[in-house]
Amino acid sequence: MAHVEVQHAQGQQAHGQQAHSQQHPIGIYLWIWGLLFVLSTCSYFVDYFHLQGMLRYSLILLFMILKAGLIVAVFMHMAWERLALIYAILVPPVLILVFVALMTLESDYTFLTREEFFGIGR
Amino acid sequence: MSHSAIAEDKTTHAPRGWTSLVRDWSSDQRAFKDVPWGKAMMWIFLLSDTFIFSCFLLSYMTVRMSTLAQWPNPSEVFALHIGGRDVPLILIAIMTFVLISSSGTMALAVKYGYQRNRRVTATLMLLTAALGATFVGMQAFEWTKLITEGVRPWGNPWGAPQFGSTFFMITGFHGTHVTIGVIFLIIIARKVLRGDFDVERKGFFTSRKGRYEIVETTGLYWHFVDLVWVFIFAFFYLW
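So the sequences go chain by chain: A and B. Numbering (our numbering) for the first sequence: 1 to 122. Numbering (our numbering) for the second sequence: 1 to 239.
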């Protein structure tokens, strides 16, 4: 029994060493690199052509999320990691959105208070 | 236990999906299977760093939303006078492309590292470091320009006084990260060139056997710096 377990552990280790060396064809890196250039150019053009309003904000967010996703998934190899690591790293930042909501409420309140006390005569 | 009910990877017979997640997290000794400890630790560090940068960006959001004064228009503030006209945000755009290029060279360095191609790996890492240094240099230029124009942490000529403090805090902290990354890259590139990872030479600080995985770990840090810039570019410069 012990012998089997040792063998099993060795097998796992050997498997582990193979699995965690991230080997991917060079083409995928070059593709993503090119895409990041295109997306960056797009987000620069949002400013260059003076887009305004919701169109501006939604495009900024769209290009930002796409760029961030490509960097994390391919350059940082997250797409090929095990779910245990993916969830441990990618789920906690979602909670930041709660923080964003809290601070939005807080700053709206501050803004209204300031307008009430300092905004007289504006 | 019936094995057929569990979704399996056809090549390795390892469980996939939620089954793999629950198994990994409920198993003994280590949750992150097949992940070298250095890489797992780097990811956890990057997670904590994510929260630090989020706090900076959130405080920026809060002061920008709550100020009564007009927020300076970054498109004009960061414009450069080229060829007789003001090109909006051009320096920041160039900095973005420089940083993305450095991320590309770093990704290739990791690939050649695992192929144990010492010369190409070290060259790509040094190229990454050079691009990073270029980025920091351009940031120094940007800071100098803004400071001579009168931007201070407590005020500026164009509007809301909080602009200066958030600008110096956010870009300064990011620039510090890039600088540390450049130093880190040069140290690891030297080790690659010397062949430390082929003979598993022990590190002078950690006394652990050197492996090519450190190139990937360094790469994770470097890509993270690029990742943070994506968010700073979107929220601070474009918004």
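FYI, nobody ran anything at the bench for these hints, they're computed from the structure. Honestly, I wouldn't trust all of these hints.
Said to hold, decoys possible - Partial selection, computed: residues in chain B whose CB lies under 8 Å from chain A:
id : residue
1  : VAL35
2  : THR62
3  : ASN73
4  : SER75
5  : LEU238
Source: prediction; values computed, not measured. Even glycine gets a Cβ: it sits at the ideal position worked out from N, Cα and C.
Structure-based check of each hint:
The restraint placing VAL35/B at the interface with chain A holds, with a minimum CB-CB distance near 6 Å, inside the 8 Å limit. Using the Cβ-Cβ criterion of 8 Å, the hint placing THR62/B at the interface with chain A is satisfied: the shortest such distance is roughly 5 Å. With a least beta-carbon distance of about 10 Å to chain A, the hint placing ASN73/B at the interface is violated under the 8 Å criterion. Using the Cβ-Cβ criterion of 8 Å, the hint placing SER75/B at the interface with chain A is satisfied: the shortest such distance is roughly 5 Å.
Restraint check, LEU238/B versus chain A: the minimum CB separation of about 5 Å is within 8 Å; hint holds.
Hint violations for this structure: number 3 only, all remaining hints satisfied.
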